[in-house]
Amino acid sequence: MFRIDGGDFAGAGAVSSKIKKILQHIGTKPEIIRRASIATYEAEMNVVIHATMGEIALDATPSIVHIRILDEGPGIPDIDRAMQPGYSTAPDEIREMGFGAGMGLPNMERCADKLDIKSVVGIGTTVDMVFRNE
Amino acid sequence: MSEPEETGKYFHSVQLIEDKCKGCVTCIKHCPTEAIRVRDGKAAILEVRCVDCGECVRICPNQAKAAVADTLESISKFRYKIALPAPALYGQFRGGVKPERILAGLIHLGFDDVFEVAYAAEIISGRIREILQQPDRPMPLLSSSCPSIVRLIQVRFPEYIGNIVPAASPMRLAARMARKHATETLGIPDEDIGVFFISPCPGKVSAVADPVGYSKRFINGAIPIAEIYTKLHSFVYNASDKDVTDHLCKASGVGIGWGRCGGEVLAIGAHRHISVDGIHHVIQIMEEMGRGKLLDMDYIEMLACVGGCVGGVLNVDNPFISRRRIRELASQDSPSESDAAIAERQAQLLQTVTPDMLGLDEPIEPRPTLCLHSDMATAIQKMEQLEEIVKTLPGIDCGACGAPHCRALAEDIVRDLAVETDCVFKLRERVHELADEMAELAAKLPPAMGVLGKGPTKDDDKGNSSTAGTEAGS
Ligand SMILES: Nc1ncnc2c1ncn2[C@@H]1O[C@H](COP(=O)(O)OP(=O)(O)OP(=O)(O)O)[C@@H](O)[C@H]1O
Ligand code: SF4
Ligand SMILES: [Mg+2]
Chain W
3 MFRIDGGDFA GAGAVSSKIK KILQHIGTKP EIIRRASIAT YEAEMNVVIH
53 ATMGEIALDA TPSIVHIRIL DEGPGIPDID RAMQPGYSTA PDEIREMGFG
103 AGMGLPNMER CADKLDIKSV VGIGTTVDMV FRNE
Chain U
25 MSEPEETGKY FHSVQLIEDK CKGCVTCIKH CPTEAIRVRD GKAAILEVRC
75 VDCGECVRIC PNQAKAAVAD TLESISKFRY KIALPAPALY GQFRGGVKPE
125 RILAGLIHLG FDDVFEVAYA AEIISGRIRE ILQQPDRPMP LLSSSCPSIV
175 RLIQVRFPEY IGNIVPAASP MRLAARMARK HATETLGIPD EDIGVFFISP
225 CPGKVSAVAD PVGYSKRFIN GAIPIAEIYT KLHSFVYNAS DKDVTDHLCK
275 ASGVGIGWGR CGGEVLAIGA HRHISVDGIH HVIQIMEEMG RGKLLDMDYI
325 EMLACVGGCV GGVLNVDNPF ISRRRIRELA SQDSPSESDA AIAERQAQLL
375 QTVTPDMLGL DEPIEPRPTL CLHSDMATAI QKMEQLEEIV KTLPGIDCGA
425 CGAPHCRALA EDIVRDLAVE TDCVFKLRER VHELADEMAE LAAKLPPAMG
475 VLGKGPTKDD DKGNSSTAGT EAGS
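Chains as they are written, first to last, in my numbering: chain W, 3 to 136; chain U, 25 to 498.
Hints in this document: simulated from the structure, not taken from any laboratory. Using N, Cα and C, we set each Cβ at its ideal position, and we do this for glycine too. Some hints here could point you the wrong way.
Said to hold, decoys possible - Going by beta-carbon spacing under 10 Å, a handful of chain W positions derived as facing chain U: (1) S18; (2) K31; (3) I34; (4) H68.
To be verified - Each pair of labels, with its calculated beta carbon distance range: (5) U:A463 x W:P76: 57 to 67 Å; (6) U:P390 x W:E74: 31 to 41 Å; (7) U:N342 x W:P76: 53 to 63 Å; (8) U:K53 x W:E33: 27 to 37 Å; (9) W:S19 x U:P390: 33 to 43 Å; (10) U:L451 x W:P93: 51 to 61 Å; (11) W:F11 x U:S98: 32 to 42 Å; (12) W:K23 x U:E444: 17 to 27 Å; (13) W:R134 x U:T209: 55 to 65 Å; (14) W:E136 x U:N86: 45 to 55 Å; (15) U:Q308 x W:E136: 24 to 34 Å; (16) U:Q308 x W:E74: 27 to 37 Å; (17) W:E33 x U:E154: 18 to 28 Å; (18) U:H305 x W:P93: 50 to 60 Å.
Put together the whole structure using the sequences plus the hints.
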């Protein structure tokens, strides 16, 4: 379980790097590491940009890698819409930092073998990603 | 039990000089692949992880790390000796020394022929241009010319092995062309030919002895630039013009430009590209890639040494000064040559070699050095133990245990390569506990204890033991 702080751009990416290292330690296939790293980074950044505080949990067995990102924040009112490539509510100053292309969730969907998002407006969001190790 | 570290599987130029090592832990903190541990007061290199980048050679305050390579004497084993000078060699002489003087100097040192790696670099540039035209190529392509970077990718970023450009290194192509010329044109038997790379770095020395991506060796040895420098220097500055001919110089400035960072991307005419020098910066760029960034880049030139090959630890001159010299040479003969003209010349040069000389002939394999166990279920268990151990360590990364940081010690513990009390803080805790236990035990000494000693021991002994008993009890 690793903590992510909303708005912490300096530390952004640190948690997904840790996840990557753990996956390397347990002998996950490089191809899965490649996809899982990209997806975890996007999820981590969504917490940093859009939410207040979050946590990442990793659960791995020889057959699957399960990554859960749980946050306290505004939640996502319309998940289908948020999944659209290019849809973003990121404010201008975030866009100036190179984020907010609206590609994070579509990337996560492309990289993960299974993506499941649950969100309650005003409370927070839970993202579950599964990667199959075969 | 953990699997033992494999030894003797990889050749490494970078070695420890034991007598000089003070076990100061400076190098373990700077190693980009966490390949060094201090054991029994000496820095030990973990072979599978070492990429021969030479960072420890640079950083060691006691000069206890050195690059082991061939000597100039070793060329005498061969009847026909060919030198392959690295482009960086041209940057080692101040005062506008022309390449022909340097190459003639190599002949003077005892070589029969010189084949410029810079010439092969131009041909490889043409090959990379072709690969960049392929619509289904991976993006970005990563340069394959620096062997330490190729090994870094094998060790730390195996998920991007597929992005390494499948082009032979200029050094290898040079060796094959030189050998081919000697056997086919001059009729010299292959076994009589000794091909020696004049190397700026330990990475290339290791690549010569133990090539990655190739099944067959074409180069017999690698001699450090620094090893031949004194002799070469005296020829370069003192030889009369009649001893210097320019028939050995075939490389263009574009090829020589490979000797510094940025030369490669210029030579291949990549549009969207990045040049990164210094292995720690390369790691940052690779991490950026690992986050799914930079996918719109065509090409990333990555060199382990700051400044590119002129920054290799086996050079002699200051890297920034040699970089300037290389830049001068790169633009000297063709200051305003257009990219189209360069491409045209490279395309023609490509016709002079066969396709099999231009690529790799073996897959580049991952080196899964971080994996805690080959059985994944066991590895996961060990990972859980590792996390538990990390929690109990102080987290100040002092290095006194011989590992670069607390997490690395935890990793070594679950691999059975270290024990918890290697941590000085843990050791102190244990000593404390033991001391408390002893005090407690001592306090529990039955009064009869003093009597026990009475029979066989001398009177003064008895006195001592009873005092000890009293002290502990008070
Ligand atoms: N954890 C979250 N909490 C609240 N809203 C979120 C969260 N994750 C995504 N969203 C919403 O979904 C939208 C789309 O997310 P997505 O990651 O696809 O794009 P982005 O983060 O805006 O931009 P990019 O990821 O390209 O930098 C976001 O703009 C935001 O409105
Ligand atoms: S950058 Fe050049 S000199 Fe440095 S390690 Fe790589 S190949 Fe050798
Ligand atoms: Mg996003």
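* To do: Using Cβ atoms only, decide whether W:S18 comes closer than 10 Å to chain U, and label the hint accordingly.
  => 7 Å, holds
* To do: Take the C-beta atom of W:E33 and the C-beta atom of U:E154, compute their distance, and say whether it sits inside 18 to 28 Å.
  => Holds, at about 27 Å.
* To do: Take the C-beta atom of U:N342 and the C-beta atom of W:P76, compute their distance, and say whether it sits inside 53 to 63 Å.
  => 55 Å, holds
* To do: With respect to the beta-carbon atoms only, verify the hint that U:P390 and W:E74 lie 31 to 41 Å apart.
  => This hint holds: roughly 38 Å between Cβ atoms.
* **Hint validity - W:I34 Cβ closer than 10 Å to any chain U Cβ** => 8 Å, holds
* For the hint on W:H68, just tell me whether its beta-carbon gets within less than 10 Å of chain U. => 12 Å, violated
* Asked: Cβ-Cβ distance between U:L451 and W:P93: within 51 to 61 Å?
  -> The hinted range 51 to 61 Å holds for U:L451 and W:P93, with Cβ atoms some 52 Å apart.
* Do W:R134 and U:T209 keep their Cβ atoms within the hinted range of 55 to 65 Å? -> 57 Å, holds
* Asked: Do the beta carbons of W:F11 and U:S98 sit within 32 to 42 Å of each other?
  -> 54 Å, violated
* Take the C-beta atom of W:E136 and the C-beta atom of U:N86, compute their distance, and say whether it sits inside 45 to 55 Å. => Holds - the Cβ-Cβ distance for W:E136 and U:N86, about 50 Å, lies within 45 to 55 Å.
* Has the hinted range 27 to 37 Å been met by the Cβ atoms of U:Q308 and W:E74? -> 31 Å, holds
* Cβ-Cβ distance between W:K23 and U:E444: within 17 to 27 Å? -> 21 Å, holds
Violated hints, listed in ascending order, are 4, 9, 11 and 18; each of the other numbered hints is respected by the structure.
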